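Numbering follows my numbering, with no gaps: position 153 of the sequence shown is 241.
The hints are simulated quantities; they were obtained by calculation from the structure and are not laboratory data. Source: prediction; values computed, not measured. Where hints are given, some of them may not hold.
[Stated by the list, open to error] In silico DSS-like cross-links for lysine-lysine, where the CA-CA straight-line distance does not exceed 25 Å:
| hint | residue 1 | residue 2 |
| --- | --- | --- |
| 1 | Lys102 | Lys135 |
| 2 | Lys264 | Lys102 |
| 3 | Lys174 | Lys102 |
| 4 | Lys264 | Lys135 |
| 5 | Lys174 | Lys135 |
| 6 | Lys298 | Lys135 |
| 7 | Lys174 | Lys264 |
| 8 | Lys298 | Lys264 |
[Said to hold, decoys possible] Distance ranges between label pairs, derived from CB positions:
| hint | residue 1 | residue 2 | range |
| --- | --- | --- | --- |
| 9 | Asp124 | Asp271 | 25 to 35 Å |
| 10 | Arg306 | Ile106 | 29 to 39 Å |
| 11 | Thr241 | Pro143 | 14 to 24 Å |
| 12 | Thr241 | Leu99 | 15 to 25 Å |
| 13 | His121 | Asp304 | 30 to 40 Å |
Quick reminder that beta carbons are idealized off the backbone N, C-alpha and C, glycines included.
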Amino acid sequence: DLKDVTNLASLVDKIGEISGIDWIRLLYVQPQHVSDQLIETIAANEKVCHYLDMPLQHASAGVIRRMNRWGEGDRYLSIIDRLRAKVPDIALRTSLIVGFPGETDEDIMILSRFLRAARMDYVGVFKFSAEDGTPAAGLPDQIENEIINERSTQIEALIDEMARSSQSRFVGRSLKVLIESSDSGRCIGRSRYQAPEIDGEVIVEGCSLKPGVITDVRITGHGNYDLFGTRVTCRT
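Produce the complete structure using the sequences and hints provided.
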C-alpha cells in the first residue's frame, strides 16, 4: 500500500537488515509495480526468496479492460522475461479468474497460450461469481455456470500438465527447507520456492527435526506440486 511504489525495493532491503529474519517472500505484487529496482533486489538480496506472486487475473486484453485492471498478456510476458533474465531460478505464482462477464472462447485460448508461454510454477484458478452490489454483477454478457465450470476445468488441466514439468527442475538439487511438522520419521516443510499453505510441500524421509528448523534437503522426486527428498545437513 505504499504511495510511492518505487520504495518497495528499499523497504525489502530495510527488512533484510533486521536480525532474525532469514526469508523474505513477496506476495500479491501487482505487475505494474515490478520495477527494475525490485527485480535487482530479488536478485541481489540473499534473504529475498527467489519467488514472486503476481495476481494477473487474466491475459486477454479485453477481459482485463473490463476488470479495470492494468496490462495484458504480452506486457506480463515482458515482465516475466525481465525477471528470469536476472533471477533464472525464480518461482512464479499467479491467480486467475475464469468466466468474467463477456469472456469468450477466444479469450480462453489467449489465456491458454499465455500460460504455456509464461510457464508459471503455481496458478490458482477462481470461478467468477456475481456478488450482489459489485460493479461486475451489473455487467452485461454474464456467463452460465456450466460454461464457467467447463472453462475452469480446461485451464486447471493445462496447469496440472505444466506443474509436473516445473517441479522436475528441482530434482537433484539441494534446497533449504523450513520444517513445519514431523511425525514417524518424516518431516514436512517448504522451500524458498514455496509459499505456505498455497503451494506444494517438501516431504523429507528419515527426518525427525522440530518445526522451525531450516535443513538442507536433496530433492529426489516430485509430484504435481510436492517435492520429495532426504536430509543432507541442518542448521537452527
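These are the hints, each one checked on the structure:
no.: 1; hint: Lys102 x Lys135; in the structure: holds, 11 Å
no.: 2; hint: Lys264 x Lys102; in the structure: holds, 23 Å
no.: 3; hint: Lys174 x Lys102; in the structure: holds, 21 Å
no.: 4; hint: Lys264 x Lys135; in the structure: holds, 12 Å
no.: 5; hint: Lys174 x Lys135; in the structure: holds, 16 Å
no.: 6; hint: Lys298 x Lys135; in the structure: holds, 22 Å
no.: 7; hint: Lys174 x Lys264; in the structure: holds, 21 Å
no.: 8; hint: Lys298 x Lys264; in the structure: holds, 15 Å
no.: 9; hint: Asp124 x Asp271: 25 to 35 Å; in the structure: violated, 45 Å
no.: 10; hint: Arg306 x Ile106: 29 to 39 Å; in the structure: holds, 30 Å
no.: 11; hint: Thr241 x Pro143: 14 to 24 Å; in the structure: holds, 21 Å
no.: 12; hint: Thr241 x Leu99: 15 to 25 Å; in the structure: violated, 40 Å
no.: 13; hint: His121 x Asp304: 30 to 40 Å; in the structure: holds, 33 Å
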